[in-house]
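> Using the sequences plus the hints, can you model the full thing?
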Amino acid sequence: MAVPLLPQQPAPVTRRQVALTARHLRPIQGQLSALLLALRRETDAALGPRLRPVSGKSYPLGRCQPITEDVVARFRGRLARVDGPVERAIRRFLAEGGVIRPIWGALRGLYFQNALQVGGLYVDVANDTVTVTKPKIEILPLPESGFEAIRGPEHFAEIAERYWGARVFANHALPALAPILPIVSVVPGGEARLQSASDYMIDLFRRDGFALSEAWLAGGPVPPPEIVAELEARGRQVLGSGPVATGAAAAVAACRQARAAEVHRDEGWRDARVMDYLRLHASGQPAAPPPR
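Our numbering applies: residue 7 is where the sequence shown begins, and numbers increase by one.
These are computed hints drawn from the structure, not numbers from a lab.
Idealized CB from N, CA, C, for every residue including glycine.
Hints may be right or wrong, so weigh each one.
[Unchecked claim] Quick list of simulated restraints, FRET-style, between CB atoms: (1) Q37 - G62: 17 to 27 Å; (2) R22 - G195: 42 to 52 Å; (3) A28 - S64: 15 to 25 Å; (4) A235 - R98: 51 to 61 Å; (5) L245 - R29: 22 to 32 Å; (6) P230 - R98: 48 to 58 Å.
[Said to hold, decoys possible] With a straight-line Cα cutoff of 20 Å, these simulated EDC-like cross-link-like pairs (lysine to aspartate or glutamate) come out: (7) K140 - E48; (8) K140 - E197; (9) K140 - E150; (10) K63 - E197; (11) K63 - E167; (12) K63 - D50.
This is how it looks when you write it as structure tokens:
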């Protein structure tokens with residue numbers, strides 16, 4: 007029985023997807039790229055004037071996620087109302103079982119990345135959000151793109167350290183959130199933040215009943231006392247929690263208790279913890295740049 011895909015996880019590039027890509031997408035790839043570029047320019051006109059700089063960097067730098075979401079929304083709207091050659095080819099591709107899905111992960115071991123999987127293709131409509139001189143649109147065969155899903159907390163930490171310049175630790179400060187948010191990151195000039203409240207990472211940790219979280223919390227880098235104190239104090243102030251035990255043992259115990267209670271299957275528990283995260287980090291303090 008196939009394991010269900012996580013949100014934003016790439017789908018396997020099967021023989022069927024390769025064949026559908028060759029039949030429907032390869033002949034119109036140049037036209038598809040031109041169409042996406044036109045939509046991206048519409049997105050730039052809409053978002054550029056109103057999005058604030060990220061970590062002192064002006065649009066489009068650091069704005070991969072909102073750019074990708076906006077372009078995808080425009081693309082879907084166009085598919086529903088326009089009957090051009092690209093749109094017809096995409097509709098045939100979808101009707102025969104072609105996959106189009108948003109994906110998120112690591113690109114070439116260097117940075118976090120939002121993109122689209124279109125059959126066997128990797129489609130980046132925000133390719134200039136790290137290096138502004140790059141082309142806005144990039145389309146490559148997915149297996150050759152260097153894109154991969156995040157495998158676990160160690161992989162996340164590796165990319166966060168390289169891309170954000172962050173220091174990364176185990177979440178020994180707030181055990182109640184540690185099963186679902188087991189990572190702490192600190193970027194230069196920023197507050198300590200729990201990671202990562204993306205749908206993919208949350209469901210990655212829930213999928214195995216928090217076993218990945220537990221292993222990281224047991225053996226991951228220990229946060230300095232001042233970071234534990236900062237997060238623990240913020241938890242008391244924002245979440246209204248009283249004094250709690252901190253440290254690796256408390257965080258590991260929280261994972262085991264959560265697994266025993268089967269809260270990894272509980273959508274209400276998940277949503278409540280995400281709301282805790284949002285309240286905890288609603289201060290507007292400098293943070294890690296968003297995924298590109």
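> So if I understand the rule, the pair passes when the alpha-carbon distance is 20 Å or less; does K140 with E197 pass?
Not satisfied, since the Cα-Cα distance of roughly 31 Å exceeds 20 Å.
> Tell me if the beta carbons of A28 and S64 are separated by a distance inside 15 to 25 Å.
violated, 40 Å
> That 22 to 32 Å hint for L245 and R29 (C-beta), does it hold up?
violated, 53 Å
> With the threshold set at 20 Å, check whether the alpha-carbon distance from K63 to D50 stays at or below it.
holds, 15 Å
> Taking the Cβ atom of P230 and the Cβ atom of R98, is their distance within the range 48 to 58 Å?
Check passed, 57 Å falls within 48 to 58 Å.
> Checking one constraint from the list: CA of K63 to CA of E167, max 20 Å. Satisfied?
Roughly 19 Å between the alpha carbons, so the hint for K63 and E167 holds.
> Between K140 and E48, does the CA-CA distance stay at or below 20 Å?
holds, 18 Å
> Holds or violated: K63 with E197, Cα cutoff 20 Å?
holds, 18 Å
> State, for the Cβ atoms of Q37 and G62, whether the hinted interval 17 to 27 Å holds or is violated.
About 38 Å separates the Cβ atoms of Q37 and G62, which means 17 to 27 Å is violated.
> Determine whether the Cβ-Cβ distance between A235 and R98 falls within the hinted range of 51 to 61 Å.
holds, 59 Å
> Cβ-Cβ distance between R22 and G195: within 42 to 52 Å?
Holds, at about 48 Å.
> Take the C-alpha atoms of K140 and E150, compute the straight-line distance between them, and say whether it is at most 20 Å.
Roughly 18 Å separates the two Cα atoms, so the pair holds.
Consistency with the previously given hints fails for numbers 1, 3, 5, 8, ordered from lowest to highest.
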